[in-house]
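Spelled out from the first residue to the last, the chains are:
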Amino acid sequence: AQSVTQPDIHITVSEGASLELRCNYSYGATPYLFWYVQSPGQGLQLLLKYFSGDTLVQGIKGFEAEFKRSQSSFNLRKPSVHWSDAAEYFCAFMNTGFQKLVFGTGTRLLVSP
Amino acid sequence: DVKVTQSSRYLVKRTGEKVFLECVQDMDHENMFWYRQDPGLGLRLIYFSYDVKMKEKGDIPEGYSVSREKKERFSLILESASTNQTSMYLCATLSGVSTDTQYFGPGTRLTVL
Numbered sequence: 013a014q015s016v017t018q019p020d021i022h023i024t025v026s027e028g029a030s031l032e033l034r035c036n037y038s039y040g041a042t043p044y045l046f047w048y049v050q051s052p053g054q055g056l057q058l059l060l061k062y063f064s065g066d067t068l069v070q071g072i073k074g075f076e077a078e079f080k081r082s083q084s085s086f087n088l089r090k091p092s093v094h095w096s097d098a099a100e101y102f103c104a105f106m107n108t109g110f111q112k113l114v115f116g117t118g119t120r121l122l123v124s125p
Numbered sequence: 007d008v009k010v011t012q013s014s015r016y017l018v019k020r021t022g023e024k025v026f027l028e029c030v031q032d033m034d035h036e037n038m039f040w041y042r043q044d045p046g047l048g049l050r051l052i053y054f055s056y057d058v059k060m061k062e063k064g065d066i067p068e069g070y071s072v073s074r075e076k077k078e079r080f081s082l083i084l085e086s087a088s089t090n091q092t093s094m095y096l097c098a099t100l101s102g103v104s105t106d107t108q109y110f111g112p113g114t115r116l117t118v119l
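Residue numbers (the working numbering), protein chains in the order written: chain A, 13 to 125; chain B, 7 to 119.
These are calculated hints, taken from the structure and not from any lab test.
Among the clues, some could well be false.
[Stated by the list, open to error] The calculated lysine-lysine pairs, modelled on DSS-like cross-linking and capped at a C-alpha distance of 27 Å, are: (1) B:K63 x B:K9; (2) A:K61 x B:K63; (3) B:K61 x A:K112.
[As the list claims (entries may be wrong)] Ranges between beta-carbon positions, derived for each pair: (4) B:V58 x A:D66: 36 to 44 Å; (5) A:S26 x B:G46: 19 to 27 Å; (6) A:W95 x B:M60: 42 to 50 Å; (7) A:G28 x B:E28: 24 to 32 Å; (8) B:E75 x A:Q57: 27 to 35 Å; (9) A:G28 x B:E85: 47 to 55 Å; (10) A:G74 x B:P112: 21 to 29 Å; (11) A:S96 x B:K9: 18 to 26 Å; (12) A:S96 x B:D44: 21 to 29 Å; (13) A:P91 x B:S86: 46 to 54 Å; (14) A:G28 x B:T89: 25 to 33 Å.
[What the hints assert, rightly or not] Partial chain B-side listing against chain A, Cβ under 8 Å, derived: (15) F110; (16) G111; (17) P112.
By construction, the Cβ of each residue, glycine as well, lies at the ideal position given by its N, Cα and C atoms.
Using the sequences and the accompanying hints, generate a full structural model.
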């Protein structure tokens, strides 16, 4: 079955510390992969996306993600977290023939002072 | 910038009422989507449309219908609202280019009493 797994429901990180949010997918081919962020009361904003090419993708707000085919993973990273990064983060992949997004259940990031 | 607007940010309805959620986009995108978002479940696709008057069921279409009479507008209809339809509803659009991304509206938080 096609699915996305975000194993961490909540993560707490100290401000200034590094961050890694995990994402694994299950799909028969190489999917298009996305990370979205949702601040409280807001819609989803695209952070970055991977379609092909370089497996290390740079996004907005200092985020990056690395596609690892062998691990079926697309983990999101940031070297130094800011308090404004507190939000919910969603990993998703697109079924390339169907343009349908499949979302993970999300990881809520809390940033401590 | 793509703009996706939803008619209401917050909506309170009573059980059995007919509810209309409107979504309008200004980018001439062919594809439009309705998701619902619930804690711990992520985003789940209700319906989508790839052209005017065309619609496809998503993963959880039961209890919902949609209408797309004009390219820029995609409506989600709850024929007879029930309490288990209390949720956040998100609209998204996507151009016809396969490597494009989905753009989301701000969401409508619907409460059914």
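Determine which of the earlier numbered hints do not hold for this structure and return their numbers in increasing order. 7 and 14
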